[in-house]
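Engineer: Those protein sequences? They're chains C and B, same order as listed.
Every position in the first sequence, counted from 1, becomes a number in our numbering once 873 is added.
Every position in the second sequence, counted from 1, becomes a number in our numbering once 13 is added.
Hints listed in this document are in silico derivations from the structure and should not be mistaken for laboratory results.
Glycine included, every Cβ here is placed at the ideal spot set by N, Cα and C.
Any given hint could turn out to be false.
[Claimed, not checked] So these bits of chain C aren't anywhere near chain B, every CB distance computed over 12 Å:
| # | residue |
| --- | --- |
| 1 | CYS902 |
| 2 | SER905 |
| 3 | GLN939 |
| 4 | GLY942 |
| 5 | GLY1000 |
| 6 | ASN1001 |
| 7 | GLN1005 |
| 8 | HIS1010 |
| 9 | GLY1029 |
| 10 | HIS1031 |
| 11 | ASP1052 |
[Said to hold, decoys possible] Here are the simulated DMTMM-like cross-link-like pairs (lysine to aspartate or glutamate), alpha carbons at most 25 Å apart as the crow flies:
| # | chain 1 | residue 1 | chain 2 | residue 2 |
| --- | --- | --- | --- | --- |
| 12 | B | LYS610 | B | ASP511 |
| 13 | C | LYS1019 | B | GLU752 |
| 14 | B | LYS610 | C | ASP959 |
| 15 | B | LYS356 | B | ASP629 |
| 16 | C | LYS1019 | B | GLU578 |
| 17 | B | LYS610 | B | ASP629 |
| 18 | C | LYS1019 | C | ASP959 |
| 19 | B | LYS553 | C | ASP988 |
| 20 | B | LYS614 | B | GLU478 |
| 21 | B | LYS553 | C | GLU918 |
| 22 | B | LYS533 | B | GLU578 |
| 23 | B | LYS614 | B | ASP511 |
| 24 | C | LYS1019 | B | GLU726 |
| 25 | B | LYS553 | C | ASP959 |
| 26 | C | LYS1019 | B | ASP155 |
| 27 | B | LYS553 | C | GLU950 |
| 28 | B | LYS454 | B | GLU752 |
| 29 | C | LYS1019 | B | ASP170 |
| 30 | B | LYS541 | B | ASP529 |
| 31 | C | LYS1019 | C | ASP988 |
| 32 | C | LYS1019 | B | ASP100 |
| 33 | C | LYS1019 | B | ASP114 |
| 34 | C | LYS1019 | B | ASP92 |
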Amino acid sequence: MRWAGLWYVLLLLCAPAAAEQSTDELTVCAASQLQSAGSYRMGFEQLQHLAALSTPLISRGEVELQPAGSIRWHVIEPIDYELFIDVNGMVTSSDGATFDHPAIMRLVRMLLTMDTRALAATFVITGNCNDQDWSLHLTPTDELLKGLFEHINANGGHLLSGVELVAHSGDRTVFRFADLAADPSGN
Amino acid sequence: MIALGDRWLAWVWVLMMVALALAGWIVLPHVTLSESSLLKLLPDSELDAAERSIVERVSTQSGQTSLWLLETEGQPLPDESITVLRDRLMESTLFATVGVDASGFRQMAASLFPWRYQLMPTPIRQLLETNPDELIQTRTRDLYAPGGMARASNLLDDPFDLFAAWLLTLVRNEGTLNPQTRLGAIVVNAQTIILPATLQTSGFDLDTQFRLAELMDSLDNEFAAQGLTLRVGGVPAYAAWNAVSARAEVSTVGTGSLVGVLLLALMAFRSLRPLAFVVLAISAGIFAGATISLLLFDRIHMLTWVFGASLIGIGIDYSMHLLATAQGRPDWTPALGLQRIFKPTAIGLASSVLGFVALLFTPFPVLREIAAFAITGLVMAWFTCIALATPILRNYQAPADTWVADFAIRLARLRDRCMTRRWLVIGLVLLLALPGLMLLKPDDNITALQARDTPVALDDAYIREHLPMGIASQFFLVEGHTVSELLANEAALVRQLDSTRTATPIALSSIVSLPDDQQKGVHLLQEKLGASGLAAGFFKRIGYSESAAGAEFERWERASTLTLELPEFTRHLAPPWSLLWQGCEGLRCRSIVLLDKVRDKGALETVHSPGARLVDQVSLLSGQFAQFRASASLMLAGAIVLVIVVLTFTYGLLAALRITLVPILGLAIALGMLGLTGTLYSVFNLFALLLVFGIGIDYAVFQHVNAHDSGAELNRTEFAILLSAITTLLAFGLLAVSETTVISAFGSTLTMGIASCWLLSPLARPEGAARIHQSGDPG
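Bound-form chain C, shown alone:
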């Protein structure tokens, strides 16, 4: 009985170490769940908490991962416009305007498609992942992203649920995603 108690303590001590997953394991685990969706359409809400503004900037709309790998980002509120992010992170707008921040778009694309190779090359990743859901804490190693963000949190299951981008200044952007497939009307 005394030995059993000792084993119990040892197991408890070892538990956090056993739960620690490597970057590869985490991204592969998360990607395998997301990839099961293949292509998807989600509703999103983006809240930008900026020090310069007393209230957050809020936008809502739809995001669609298309079978060819490109992403359609449709902002419906407060203004209506669409962005298309191709597999290389290049962005075109429905009205012909351009969005000049390829690093951010590459990041958005990496997260939405759970591009494991790109994520591993750009971040130090910690977190956990199991059969049901996953959550990742990403610390940028890429110089450009390192200059923009302190860290990024992402979580989800078979679809991406939420992303939080935290800047060094304390500004934050929170994305919340909802599965539109559950509600075919999209409402």
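Take the given structure of chain C and dock chain B to it, following the hints.
Structural biologist: Relative to chain C, chain B alone:
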């Protein structure tokens, strides 16, 4: 009166050497001992001082940047590997910076942020003028786009993100100047990164080259053991590889030839004294050549060293001829030997010197250096032989017979049998050389001087293929009488380059506006956004506070009274933009337009824009090499004529023609062989041909002068000539096997030329002159 062999001559020699040593000691701290810049090859007329400085600044930047590509197969490249590579490079202390250095860019951005209104890009100004609402819409879209927070970091101080719009004009090159990075390395893909590292010193510094080569080797082994592939590219890698390769070759070939020459001299003279005499004559020649060149030019170019050192081939002849006169003569004294060789060696020296005098009058600094080095070196080597023969070789007794001498006689006899029908030989030589001469095609492109299949060339090509950016060595130099005209000329050039997509220009006119336009931009902000209420509406929509809005309007007011002048603007720029502005001198303002991602090099030469001209270092230097070759060819032709004139005065026209025929045919064979074998033919072959001519004249003069001697004397001449030819071939002929194209071309030309001159030297003898002594005994 001073007679040959007089000890006074030795004292004169000592005084001269002391004077040279003193002069050298005085000037040494103020001179460049080994100038390696290829730009120094250009004559002053080709580039003015300012242009030369511009070209040097641009080439220095590229000449110090090495690129380290690390790659793995399959699995993503681990962070640790990048960190290890970066740490190893830093620990080597060879590099000033390792990795993408964003600090300069950040500093530039910080210092120019207060000027954001004046820096408003032209398209924004035009949009303000024509459709200000669109500007508001664009800004709104940016803010609500995914991750719009990144465009809102300066929302309080720059609500319309004007400064970011200016920053984007810097990276208009499809993002190539702003690549994705990881731990300071440029990311090619998950498996491959490229780490740029800038040397602390020039990539052409010899010590740096050898240390860099060692580092490349050790890191290559270290990463290979981990299953990773390391490739190194850039100018420093080329320079390091070439230095190591050249050192290995010179060491192998040099050791081999030195051992060969020493053994041969020992076997031929069976004493160390003659060897010391030969070495002293050559060393004195090189020392004098180098000192006089430094006194006259303040520097010695690498090319001068290479060519100057090869003058040993001629310098060794004088002492060899003197020593040969002692063979098998128990009554020999240095004075007797000098009496015999003085006139022919003096004529040979005069002929060689004449060949180089013409070089002194060319506009090319390096050719003038080479001429000064060669003339002084040869004269001193000859004078050393004359002045030191008595003190060094007094009581020297040459062996009565050696197998070397016997071999020389037998070989010469064999050769003489083939030379009996003079005209037939001449005809055959010309027949053999003619097809090759017709096939001979000069190649002056400096890139052809570097073998393309060397490991470093292949690695460099691989890295360039994967590198997302690449500022070309070519650039446009733009001029205008005023800053305004200069920027207008630049803008016209940029438009042309953009429309033809020949290359992506990096130009001042793309990143800064004239003061009038700056003022116009600020007034448009006040009028089209401020007075119209568009700005106020936007501020209200996004929740901007009233105080923040008021502050922004105040900043517009202040900006309307300030303009950013070009010198002030360029003071803040980071590389590569800091290279662009070249300043104004009187009514001459200059800038350069760098080229990123050149898509069509040929088309660049067809770009004609007012006040702009293409500066292509490769073309400039290649053109220069072509001019060197043309000058050296002309000089060789002139030297031949001059030598004929000098020899005509001494020996008569027929003899002069006979003597000069030997080196001329030697040159024809060497050139013919180059043509037949398709060997590189450039100015370096011409340098070898100049040596061949000088050495060939020596052989021919001796054959002519000694033709009527007794068989024994003639045998001594043959012995001296063969010994001289073998030593020269051992010293430089072996360079033909070099992997370095230039050295190999030099060696093969010299080998063919000298061997031919030796073979054909009997043609210089008058009709009916003595043949080789039949006994084969030099005594």
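Engineer: Are the Cα atoms of LYS610(B) and ASP629(B) separated by 25 Å or less?
Structural biologist: Cα-Cα ~15 Å, so holds.
Engineer: Please work out if LYS356(B) and ASP629(B) have their alpha carbons no farther apart than 25 Å.
Structural biologist: 50 Å, violated
Engineer: Is GLN1005(C) truly not at the interface, in the sense that its beta carbon sits beyond 12 Å from all beta carbons of chain B?
Structural biologist: 26 Å, holds
Engineer: Is SER905(C) truly not at the interface, in the sense that its beta carbon sits beyond 12 Å from all beta carbons of chain B?
Structural biologist: 17 Å, holds
Engineer: Between the alpha carbons of LYS1019(C) and GLU726(B), is the straight-line distance 25 Å or under?
Structural biologist: 86 Å, violated
Engineer: Are the Cα atoms of LYS553(B) and GLU918(C) separated by 25 Å or less?
Structural biologist: 21 Å, holds
Engineer: Below or equal to 25 Å on CA atoms is what counts here, so check LYS533(B) against GLU578(B).
Structural biologist: Measuring from Cα to Cα gives roughly 15 Å; hence the hint holds.
Engineer: For LYS1019(C) and ASP92(B), compute the direct alpha-carbon distance and say whether it is at most 25 Å.
Structural biologist: Holds. LYS1019(C) to ASP92(B) sits at ~15 Å (cutoff 25 Å).
Engineer: Is the Cα-Cα distance between LYS1019(C) and ASP155(B) 25 Å or less?
Structural biologist: 21 Å, holds
Engineer: Against the 25 Å threshold, does the CA-CA distance of LYS454(B) and GLU752(B) hold or violate the hint?
Structural biologist: 21 Å, holds
Engineer: Is the hinted pair LYS1019(C) and ASP114(B) satisfied, with a Cα-Cα distance of at most 25 Å?
Structural biologist: 14 Å, holds
Engineer: Beyond 12 Å from every chain B Cβ: check whether that's true for CYS902(C).
Structural biologist: Holds, since 16 Å exceeds 12 Å.
Comparing the model with each numbered hint stated earlier shows that hints 13, 15, 16, 19, 24 and 25 do not hold.
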